[in-house]
Amino acid sequence: MNSSVNGKDFITTQDWTVEELERIFELAAELKRSKREGKPTPLLAAKTLYMIFFDASTRTRNSFETGMTQLGGHGIFLSPDKMQISHGENARDTANVLSRYGDGIAIRHCAFREGNDYLNEVARESSIPVLSMQDDVYHPCQILADYLTIREKFGETRGLKIGVAWTSAPNYVRPLSVPQSLILMMPRFGMDVTLAVPPEFRLMPEIEEQAAANAAAAGSSFQISNNFEDAFTDADVVVPKSWGPLMHTTDHDEGFALIEKYPSWRCGTEHMKLGKQHLIYMHPLPADRGREVTDEVIDGPQSVVYDEAENRLHVQKALMALTMG
Amino acid sequence: MNSSVNGKDFITTQDWTVEELERIFELAAELKRSKREGKPTPLLAAKTLYMIFFDASTRTRNSFETGMTQLGGHGIFLSPDKMQISHGENARDTANVLSRYGDGIAIRHCAFREGNDYLNEVARESSIPVLSMQDDVYHPCQILADYLTIREKFGETRGLKIGVAWTSAPNYVRPLSVPQSLILMMPRFGMDVTLAVPPEFRLMPEIEEQAAANAAAAGSSFQISNNFEDAFTDADVVVPKSWGPLMHTTDHDEGFALIEKYPSWRCGTEHMKLGKQHLIYMHPLPADRGREVTDEVIDGPQSVVYDEAENRLHVQKALMALTMG
Amino acid sequence: MNSSVNGKDFITTQDWTVEELERIFELAAELKRSKREGKPTPLLAAKTLYMIFFDASTRTRNSFETGMTQLGGHGIFLSPDKMQISHGENARDTANVLSRYGDGIAIRHCAFREGNDYLNEVARESSIPVLSMQDDVYHPCQILADYLTIREKFGETRGLKIGVAWTSAPNYVRPLSVPQSLILMMPRFGMDVTLAVPPEFRLMPEIEEQAAANAAAAGSSFQISNNFEDAFTDADVVVPKSWGPLMHTTDHDEGFALIEKYPSWRCGTEHMKLGKQHLIYMHPLPADRGREVTDEVIDGPQSVVYDEAENRLHVQKALMALTMG
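Residue numbers (the numbering used here), protein chains in the order written: chain A, 1 to 325; chain B, 1001 to 1325; chain C, 2001 to 2325.
Do not take every clue at face value.
Stated by the list, open to error - Residues from chain C that face chain A, not an exhaustive set, calculated with beta carbons under 7 Å: (1) S2063; (2) T2066; (3) T2069; (4) A2309; (5) L2313.
Claimed, not checked - Below 30 Å or equal to it, Euclidean Cα-Cα: the simulated DSS-like pairs (lysine-lysine) are: (6) C:K2032 x A:K8; (7) A:K35 x B:K1039; (8) B:K1035 x A:K35; (9) C:K2032 x B:K1039; (10) B:K1039 x C:K2035; (11) B:K1261 x A:K39.
Keep in mind that the hints were calculated from the coordinates and are not lab data. Keep in mind that this is a model prediction, so the values were computed, not measured. C-beta: ideal position from N, C-alpha, C; glycine also.
Build the full structure now, drawing on both the sequences and the hints.
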């Protein structure tokens, strides 16, 4: 597994070239085929991934830990309450010691204005790759899974329209990382992105700017609309998902009031009809059923949420094999 | 590992034929021999079992997780507090996603009137086998271990008398699953079962009826007595164990009062003398020493509790290898 | 892996001969080389180590669990809150059942006047080796790592001076196990030990006596001083570390007052200058930066703390392979 990305951190797709990302998708497809055919893939035999969870997540833990087992290695689930991790100087000790023992450090840390800083601090001190399992700014593994799913459904992705739409769900601190990672990466693969969002739910300005720059460089487009329907009209792919008004306020009551100001931002069959005939519905799960989306849509024929969840496993296995090999 | 039980759920022995159950006991004996001889048995290489514990249990966790390692795979310990599992629609997501990642789902959920429903719900949605680690109605793996132990001690089991006796211990919600699984399965293997129980501690009526039907079909017998000694008289095997008066009351104070109404329902050497010369004492552990049983009995020569605990490992390895292979 | 130490418990180095300990260091060096060269070392293929933590520790858990993976086996992380372990008779059940399932039991239990008793109780009942991950009296794995590190730096260890110095840090119940294990084992390998300690922070009298006896038998020396600097003067190795005044008081307020009575017992560059040119600074981590040691020293060129932490992995792998093989 010698490769130019061996040892490379994966905190945002921005640090990876399109060619490097393509290697992940190629290996992911190959590993998916091998799993279906029951072929062993011990690319990381006897290797260890440390999975540090500041925030709980079943899907993320299970996909990483199962992936390590399928690659012949082992994932260790660590939660900071059992670890006495604090911030600051201790990231240095954590990074240095784990670098001596194992082969990779995966971290989930979604606290606003803290998570991404912590990941970068550990990455600076660590001599083994640091892989993001989501922070307050990015969720790059989710977007790898989304893109693999889109490619499986449509083949060529250049020219596809993807709508990223905010939805109204009562969780005022849900991170910005999924929509931000979507608008950053999808234009680089030739997709035209429409972000539909109420004014108070805009994303980090520097991320929106980078998304526009990515689109310009790739010859695709990135647009922002204040109209929910615009994410669906003539779209091939739509990802309606809630997040908090974090760029506007971090106040609890004000946050909830803003969410309740837009109750009609919920994906139903009437919205799905606005897209192309083959429009697919995506969501990283868990979805807030009834608030973010109706059961008809998420359980219906246009929904690919379980294919999308499954692809988390395959892209992460490819990522681990390439960086930790 | 192609077999007719590949992919089959194991929630109650009632869903398995005697021939199917025999395959478990045969493979268990073979795996036990291989372990003793140090022969590798990688029947589930690189496979993953998800172990979801709504209720804690060291023995169950360690036997399943160690078993997966000995079969070449990996068991992931999951507790709902780290998983945000709630009931209802989310069982669908849990089942569907885990089915895409791994190879089996084991669940322990003993809450009265909830556990078995949850297992069945996950099983309906899951495309990989669901294995019970105990619910409010059944504890089939324990009974597999019990039966293997009895067969090891006696060879042929037809015509043996097994006493299942309630004991008085201060835990008013302890599940009915062990005695219920015992009275259901043992008659199918030709054993004559006597259930000794105070009137307020009777088991679920439909289970008692099914046990009687099983005995009738197999040409063995099933009797219920309100006399503790009747479980021991002329018995070959006895399992004295506490459970709650759940069919009578779920009220805390009333439950405790009922338990204290029968303080003499405790297994001592005087009871062991009522059985056959070779009578063995069984208990799934942990036992409430001093309340359920005297130290003389549980630590004495008739006790086979550690052999019984050991067999959990072997029967579960066989079960996993057959269903998840 | 047949050997005279196969099956042997490791609770204190006192129960192991110098020749037996040498076998650990030899195999540790070999396993370290194999890891660097990427050679597989499946000495414990499909074996299971139970790791029971009464007290949290990231470093200890990660080094043991990673070590088991690198040896082809699996470590199961158990915390008593999920296990319903209580003391007394239940150690018997825990030991007996785990002995039937797996291959080794590692325990960390630092409660004063409880931990070592518990380890010994489990060891008496267990038929598989019990390995200490630290108790209230001993931390033998840490000292194995320390000694391997010293040997790597200096080659021959006979005649080296090691200073073990108490430091002032606000944790009045920190165990005595590290300094006690240092003064016990280092003289047996020919090192001259100076223990620098305020009168109220003396170690267990029987341990100090045993250390002196060990030095006498080995032709090395063991001295106790009430002067911090004496640990550094002409030393080759120094381990400045805090522990509680447990032999003097277990009272919270009195303990803290005693710690604050000696604020100058902190390792700085001025102390490091007192030693030989090649003096190395050691600490088992995590260090209380600013109280136990200055950043200049612990992050400086004389510090070998990460090499020391790394060697935990290698010595423990050797220990496990030799005792559990």
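Comparing the hints with the structure gives:
Annotation: interface hint on C:S2063 holds; nearest CB of chain A at approximately 6 Å, less than 7 Å. For C:T2066, the interface hint holds, since its Cβ comes within 7 Å of a Cβ in chain A; the closest pair sits about 5 Å apart. A hinted interface residue such as C:T2069 counts as satisfied when its beta carbon comes closer than 7 Å to some beta carbon of chain A; here the least separation is about 4 Å, so the hint holds. The criterion of a C-beta within 7 Å of any C-beta in chain A is met by C:A2309, whose closest approach is roughly 5 Å, and the hint holds.
For C:L2313, the interface hint holds, the least distance from its beta-carbon to any beta-carbon of chain A being 5 Å, beneath 7 Å. A distance of roughly 24 Å separates the Cα atoms of C:K2032 and A:K8; the hinted pair therefore holds under the 30 Å criterion. In summary, the hint linking A:K35 to B:K1039 is supported, as the alpha carbons are separated by about 26 Å, within the 30 Å threshold. With a C-alpha separation of about 28 Å, the suggested pair B:K1035 and A:K35 falls inside the 30 Å cut-off, and the hint holds.
The hinted pair formed by C:K2032 and B:K1039 meets the criterion: a straight-line CA distance of about 28 Å does not exceed 30 Å. Proposed proximity of B:K1039 and C:K2035 is supported: the alpha carbons are some 26 Å apart, at most 30 Å. Proposed proximity of B:K1261 and A:K39 is contradicted: the alpha carbons are some 61 Å apart, above 30 Å.
When each numbered hint is compared with the structure, a violation occurs for hint 11 only.
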